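*Asks:* Sequence:
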Amino acid sequence: IQDNVLWTEEGHRMSWRMMLRSKTGRSNFYVINKDSNEKKLVNLNEYLTQKQKHQVSTKPDVIWQFAQRLKNEYALKGEDVSVYVDNYISVNGRPYAKLIDPETDLAKVEWDAFKHSSWILPSNLE
Numbered sequence: 015i016q017d018n019v020l021w022t023e024e025g026h027r028m029s030w031r032m033m034l035r036s037k038t039g040r041s042n043f044y045v046i047n048k049d050s051n052e053k054k055l056v057n058l059n060e061y062l063t064q065k066q067k068h069q070v071s072t073k074p075d076v077i078w079q080f081a082q083r084l085k086n087e088y089a090l091k092g093e094d095v096s097v098y099v100d101n102y103i104s105v106n107g108r109p110y111a112k113l114i115d116p117e118t119d120l121a122k123v124e125w126d127a128f129k130h131s132s133w134i135l136p137s138n139l140e
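Residue numbering for the sequence shown follows this note's numbering, beginning at 15 and increasing consecutively.
If you're looking for bench data, these hints aren't it; they were derived computationally from the structure.
Errors might be hidden in some of the hints.
Calculated lysine-lysine pairs in the BS3-like style (CA-CA distance at most 25 Å, straight line) [unchecked claim]: (1) K67 - K37; (2) K91 - K129; (3) K112 - K85.
Given the structure is predicted, the values throughout are model-derived calculations rather than measurements.
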C-alpha cells in the first residue's frame with residue numbers, strides 16, 4: 015500500500031492502528047449532467063446523517079460509495095452524470111489538505127480494498 019495509512023485509510027480497518035489518529039474533513043459533492051453540462055451541488059443533508067457526513071468526508075472508500083450511490087440515483091431518473099468531490103481533511107490537528115483528486119470522476123473509477131487508488135492524493139504527513 016502506498017502512502018500513509020492514516021491518510022489513505024487503505025488497510026486501516028485491517029490493522030492494529032485503530033484509534034491512533036483523529037481525522038476531520040469537509041466535502042462538497044458535485045453532479046454534472048453529461049448531456050447538458052449542468053452542475054449541481056449535492057445537499058448532503060438530504061442523504062446523510064451527521065455521522066454519515068463525517069464518514070463521507072474522511073474515508074475514501076465511503077466517498078467512493080456515496081459517489082456510486084449518486085450515479086445510480088441519477089441513472090434511475092434517466093440522467094448520465096459525472097460525480098466529483100471537493101474534499102479536505104485534517105489528520106491529528108494538522109492543516110487541512112485535499113484528500114481526493116477533484117478532477118477525478120468518481121462515477122467512473124473503481125475501488126479495490128487491496129490496491130492503492132490513484133485518485134487519492136498523496137498525504138502531507140511525514
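*Asks:* State the violated hints by number, sorted upward, taking the hints as numbered earlier in the document.
*Replies:* 2
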